[in-house]
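Keeping the supplied structure of chain A fixed, place chain B upon it in accordance with the hints.
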Amino acid sequence: MIIWRIPSANYKLIKYKQMKKKILVFLSAFFLSLITFAQETEQVEMADEMRASGKIYVVVAVLVTVFIGIVIYLIRIDRKVSKLEKEVKK
Amino acid sequence: MKSNWWKVIAVVFVLYTIIGGLLLEVPRLRILHETIRNLYFHVTMWFGMMIILTVSVIYSIKTLLGGKTENDIVANEAANIGILMGFIGIATGSIWARFTWGTWWVIDTKLNGAAITLLIYLAYVVLRGAMDDREKRARICAVYNIFAYVMLIVFLMILPRMTDSLHPGNGGNPGFGGYDLNSNMRMVFYPAIIGWTLLGVWMMSLRVRLEKLNIALNKE
Chain A
1 MIIWRIPSAN YKLIKYKQMK KKILVFLSAF FLSLITFAQE TEQVEMADEM
51 RASGKIYVVV AVLVTVFIGI VIYLIRIDRK VSKLEKEVKK
Chain B
1001 MKSNWWKVIA VVFVLYTIIG GLLLEVPRLR ILHETIRNLY FHVTMWFGMM
1051 IILTVSVIYS IKTLLGGKTE NDIVANEAAN IGILMGFIGI ATGSIWARFT
1101 WGTWWVIDTK LNGAAITLLI YLAYVVLRGA MDDREKRARI CAVYNIFAYV
1151 MLIVFLMILP RMTDSLHPGN GGNPGFGGYD LNSNMRMVFY PAIIGWTLLG
1201 VWMMSLRVRL EKLNIALNKE
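Protein chains in written order, with this note's numbering: chain A, 1 to 90; chain B, 1001 to 1220.
Since the hints were derived computationally from the structure, they do not count as laboratory data.
Cβ atoms here follow ideal geometry from the backbone N, Cα and C, with glycine treated the same way.
Don't take each hint at face value.
[As the list claims (entries may be wrong)] Quick list of in silico lysine to aspartate or glutamate cross-link-like pairs, DMTMM-like style, CA-CA up to 25 Å: (1) B:LYS1007 to A:GLU87; (2) B:LYS1219 to A:ASP78; (3) A:LYS55 to B:GLU1211.
[Stated by the list, open to error] Now the stretches of chain A that chain B is said to cover, found in silico as 3 or more residues with beta-carbon under 8 Å: (4) 55-66; (5) 83-90.
[Unchecked claim] Which chain B residues face chain A? A few, computed with CB under 8 Å, are given here: (6) ARG1098; (7) ARG1128; (8) LEU1213.
Extracted from the complex, chain A is given alone in its bound form (with noise of 0.2 Å):
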């Protein structure tokens, strides 16, 4: 029966370089996935084109129409109703 003994120093020096090893490993996964995470938050896709083409104005100017329609809508009923309450008083 061999029993293999190591130098308990040469044993810590295999012991410290496994440990290197893995913290070097841990640490460049580490650094690729924050890389690749940055890669995914850039390539977010938003209207930047249509933005820069001038497009989305369109899109503003149509909506704020429309609102404007509502309001000028809403703006009637209440002087009716203004109206409406000063006569009722009468």
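Just chain B now, kept in the frame of chain A:
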């Protein structure tokens, strides 16, 4: 003559919401992309609904304490506008869910809670329509409205926070306030809440005035 300054604020703020909400910078987030702008339109509907339904329940309590017809009218019309905003909120949320979660409706505490709440408030409308005697109706509806408001708080504010939910801000899911509602978005979001709510109040006030006219004309 009543002052109309708050109506001007409502219109200006909503106009600003439409323009700024579509043109200002927003955070770039995966899955959400540009739909994060829905925050100014979908989320503000629910905020407005909560505020207006709170007004409604306050006037219901006033009805029970003072018994004035005027308080009952305000409580009713506020509930009506609250229901309208709730339905718009649920419809817009459904569209948003379709393009971010992939389906129109999810079996989710927040979503089902919202649906149940709206049904409870619809029952309020039905209850109102079922009675003719004005004073009796005012009192019964006030009591029911307080019950409905408690259910609203339970279903929309408490239950979704106690279980898992897909909806942001619930069940350990961070809300928009946490990490991606930057100062840029707040600059539109808060005026948007005020603008939409005031617009709802304007619509409510019109209906209140019409109802008062109706009563005044029928008395003569």
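Results of checking the hints against the structure:
1. B:LYS1007 to A:GLU87: Since the Cα atoms of LYS1007 (chain B) and GLU87 (chain A) sit roughly 23 Å apart, the hinted pair holds (cutoff 25 Å).
2. B:LYS1219 to A:ASP78: holds, 23 Å
3. A:LYS55 to B:GLU1211: Violated, at about 45 Å.
4. 55-66: Check passed, 6 qualifying residues.
5. 83-90: With 3 residues close enough to chain B, the hint holds.
6. ARG1098: violated, 17 Å
7. ARG1128: Cβ of ARG1128 (chain B) sits 22 Å from chain A, so the hint is violated.
8. LEU1213: holds, 5 Å
Hints 3, 6, 7 from the list above are not met by this structure, while the remaining hints are.
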